[in-house]
Every structure is written in C-alpha cells, then in structure tokens.
Amino acid sequence: MLMHVIHMGHDVFKANDKLAEKNRKKLDKYQVFSVNVMGAIGSGKTTLIEEAIKHLKEKYKIAVIAGDVIAEMDASRFRKLGVPTIPVNTGKECHLDAKLIEKALDEIDLDNTDLLIIENVGNLICPVDFKLGEHLRVVIVSVTEGDDIILKHPMIFKTAELAIINKVDIAHAVDVNAEKMRDDILSLNHDVPVILTSKHDWESLETWISFIELGLKKIQNK
Amino acid sequence: MHEFSIACEIFEQVLSTATAHGASEVKHVTLQMGRLTHTNPEQLSFCFKVLAEGGIAENADFIVEMVPPSLECECGYTGTVDEKQIRESSELKSELLAYVAAMECPICGKQAHITGGRELIVKSIEIETEKED
Numbered sequence: 001m002l003m004h005v006i007h008m009g010h011d012v013f014k015a016n017d018k019l020a021e022k023n024r025k026k027l028d029k030y031q032v033f034s035v036n037v038m039g040a041i042g043s044g045k046t047t048l049i050e051e052a053i054k055h056l057k058e059k060y061k062i063a064v065i066a067g068d069v070i071a072e073m074d075a076s077r078f079r080k081l082g083v084p085t086i087p088v089n090t091g092k093e094c095h096l097d098a099k100l101i102e103k104a105l106d107e108i109d110l111d112n113t114d115l116l117i118i119e120n121v122g123n124l125i126c127p128v129d130f131k132l133g134e135h136l137r138v139v140i141v142s143v144t145e146g147d148d149i150i151l152k153h154p155m156i157f158k159t160a161e162l163a164i165i166n167k168v169d170i171a172h173a174v175d176v177n178a179e180k181m182r183d184d185i186l187s188l189n190h191d192v193p194v195i196l197t198s199k200h201d202w203e204s205l206e207t208w209i210s211f212i213e214l215g216l217k218k219i220q221n222k
Numbered sequence: 223m224h225e226f227s228i229a230c231e232i233f234e235q236v237l238s239t240a241t242a243h244g245a246s247e248v249k250h251v252t253l254q255m256g257r258l259t260h261t262n263p264e265q266l267s268f269c270f271k272v273l274a275e276g277g278i279a280e281n282a283d284f285i286v287e288m289v290p291p292s293l294e295c296e297c298g299y300t301g302t303v304d305e306k307q308i309r310e311s312s313e314l315k316s317e318l319l320a321y322v323a324a325m326e327c328p329i330c331g332k333q334a335h336i337t338g339g340r341e342l343i344v345k346s347i348e349i350e351t352e353k354e355d
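Protein chains in written order, with the working numbering: chain D, 1 to 222; chain F, 223 to 355.
Quick caveat, the hints were computed from the structure, so don't treat them as lab data. As the structure is a computational prediction, the values presented were derived from the model and not from experiment. We put the CB at the ideal spot given by N, CA and C, even for glycine. Mixed in with the good hints, there may be bad ones.
DEER-style ranges, computed between Cβ atoms [claimed, not checked]:
#, chain 1, residue 1, chain 2, residue 2, range
1, D, 15, F, 263, 17 to 23 Å
2, F, 296, D, 183, 19 to 25 Å
3, D, 79, F, 337, 41 to 47 Å
4, F, 277, D, 177, 51 to 57 Å
5, F, 298, D, 81, 48 to 54 Å
6, D, 29, F, 310, 50 to 56 Å
7, F, 250, D, 79, 18 to 24 Å
8, D, 15, F, 288, 16 to 22 Å
9, D, 80, F, 305, 51 to 57 Å
10, F, 288, D, 200, 45 to 51 Å
11, D, 200, F, 326, 36 to 42 Å
When the alpha-carbon atoms are kept at most 20 Å apart in a straight line, the in silico PhoX-like pairs for lysine-lysine are as follows [to be verified]:
#, chain 1, residue 1, chain 2, residue 2
12, F, 271, D, 92
13, D, 29, D, 61
14, F, 315, D, 152
15, F, 271, D, 18
16, F, 345, D, 14
17, D, 57, D, 199
Model the full assembly from the supplied sequences, consistent with the hints where possible.
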C-alpha cells in the first residue's frame, strides 16, 4: 500500500466561467446581444421581459431562453408574443449555468437573432456564482420583497450591471420605501444604474427597454 | 440548494484523477471554499458522501478549508478580511457578505474590488495505490 497526495487545483466556478466565455464569444460572433435576467419568484421578470419583447420585436429579431424548475409555463407566455423560446428545465436546480446555456444556444438560429433574453431561475442566491456568457446582468427586485431584501442578498446586487426595483406603484401599500432600496443597492455597487419600474407606468418601462436597445446598438456597431 | 450539482462535478473530478493515478482508495479530498460563495460546506460534504457510496471514495475525509475575502482598490490598496477577524466579530460572522460587498478602500474611499473569497477549488486528494506507479 502506498499513499500519494495529488494536487488538483480544479476551480469549479472557474470551469463554469470558461464555458461562459465560450458562449460569449459565440454570441459576439453572431452579434447577438444577450441579457441575463435574475430576480426572485414574483419580482416581475417574466412581465418586464414581455414588455421589452412587445416593444422591440418589430425592430429586432428576439429569442428567449426561459429557465425554471418547470420552464414551459413562462416559455408559452413568450411564444404567444411570437418569439422563438427555448425552455430549459433545471429540474431540482436553482440556477442556470453556462453548460445549460451552451446546449440551448445550439437550438437557436443565431444568424437570425439580434437579442437573446435569458430568464434565470427565480431566486437571489444561486445564480450569483454562475456566469452564463451574457453581455448584461440584470437583477430585478420588487418592493413586495420588503426593503431589507437588498442587504440580505448583497452579492447579486454587487455583481449586477443593471438593477431594477419593480412594482413601485404599490410601495406605499406594502409599507416599503423604494428610495431606501435604491440607496442600499448603490451602497453595495456605486456605479450600477438603478431604475424604478411599474408595469402601469409606460415611461418607466421605456427606460428599461432603452437599456437593452443601447446594448443592441453597441454590439451591432462593433 | 445547488450543492448537489456542485458535489457531482467535484466527485467526477476526484474520481477521474484518482482512477488515472491507479487509486484503490481515496483517503482525503481537500477543498478550498471562498467565504463569499453561496455554498454550504456541510451540505456539500453530505452530497459528496451520498455520491461516493459504494465506490473508492466512500470513506474519504472531506476537508473544506475556508478562504477569507480579499480586496483590491485602484489606488493600489490590497487587504484581506482574515479568519481571526471573522471569528472574533459577531457582526462580521453574520453580516460578512454585506460587509464585504459594501466595503470601501480605507485609503482612498473608493469601492474596493473583490479579488478573493469567491472560489471553490478541489485542491488535492490523497489516495492509496496497490503498487507503485
């Protein structure tokens, strides 16, 4: 019997990052702008994505990857809007990872896509450690989650490139101060743009949509 | 909880490395886990044991070394929130994520970048072989 110590140095998250990098290169090659939409269950991810699709689908070719424990329900909402949608069932898993996206990308006609919206599985914890290869990481939080939710889940806000506080029209009813939520986000991430939205306030939705369009124009001018 | 899928990846890596080195048994698996990852060491260890049942890693000790958060600022400042600091401050113990995420550079006041504490590394394994390679 002989004992050996074998040094491995295999970083599980870096392995995912590498795959995400590969996805990103593929998307760049086809000039597809991709958005990873994260947020808790009921924060309004699906609704805000629907609004963006409705407004952008005449101008741009859009595809969606809908990730969920059971993805078909959200996927059918997107298909109703006439955009190709790949449901990714994660089963018991609480997040999408780069490997699942790599597989889903094979099913998308990237030649005929300008914008890829990825709806992540609903929670503020698990998606944080897993990059997908996206160009824009968005986190959506609703006022109904309470105004201490931000500091309880700091890493997702720290790593986001756009933060949305949604359902601000009912903030008063749930006794939440949306401005406090904005301040909390900025305390964690000084440079992140923060938008306050409500699906009943078209102007606020326009701001969200303009962020997507900005990214689309940037990648198309490359 | 996503420990099971992470444990699957670790288990595959451990097993393929052990097999490639002709192991008859895996004695230790040592991991380095960043304090800022959303992974629970006890759950990960439990999942690994479930996966390893009946195989050569069945009785392996699963050792998790925690890696403290480290930070870096544009001005050149680098710093680490060390394990002793974390252990001795009840606030740090419970609010570490928020504390580190919001941390500003003590020299220039800008927001510091997190450079360490988000990793999950299979550092090494100790194996037993029947004969010398």
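These are the hints, each one checked on the structure:
no.	hint	verdict
1	D:15 x F:263: 17 to 23 Å	holds, 19 Å
2	F:296 x D:183: 19 to 25 Å	holds, 23 Å
3	D:79 x F:337: 41 to 47 Å	holds, 43 Å
4	F:277 x D:177: 51 to 57 Å	holds, 54 Å
5	F:298 x D:81: 48 to 54 Å	holds, 50 Å
6	D:29 x F:310: 50 to 56 Å	holds, 51 Å
7	F:250 x D:79: 18 to 24 Å	violated, 50 Å
8	D:15 x F:288: 16 to 22 Å	holds, 20 Å
9	D:80 x F:305: 51 to 57 Å	holds, 53 Å
10	F:288 x D:200: 45 to 51 Å	holds, 47 Å
11	D:200 x F:326: 36 to 42 Å	holds, 37 Å
12	F:271 x D:92	holds, 19 Å
13	D:29 x D:61	holds, 16 Å
14	F:315 x D:152	holds, 14 Å
15	F:271 x D:18	violated, 27 Å
16	F:345 x D:14	holds, 13 Å
17	D:57 x D:199	holds, 18 Å
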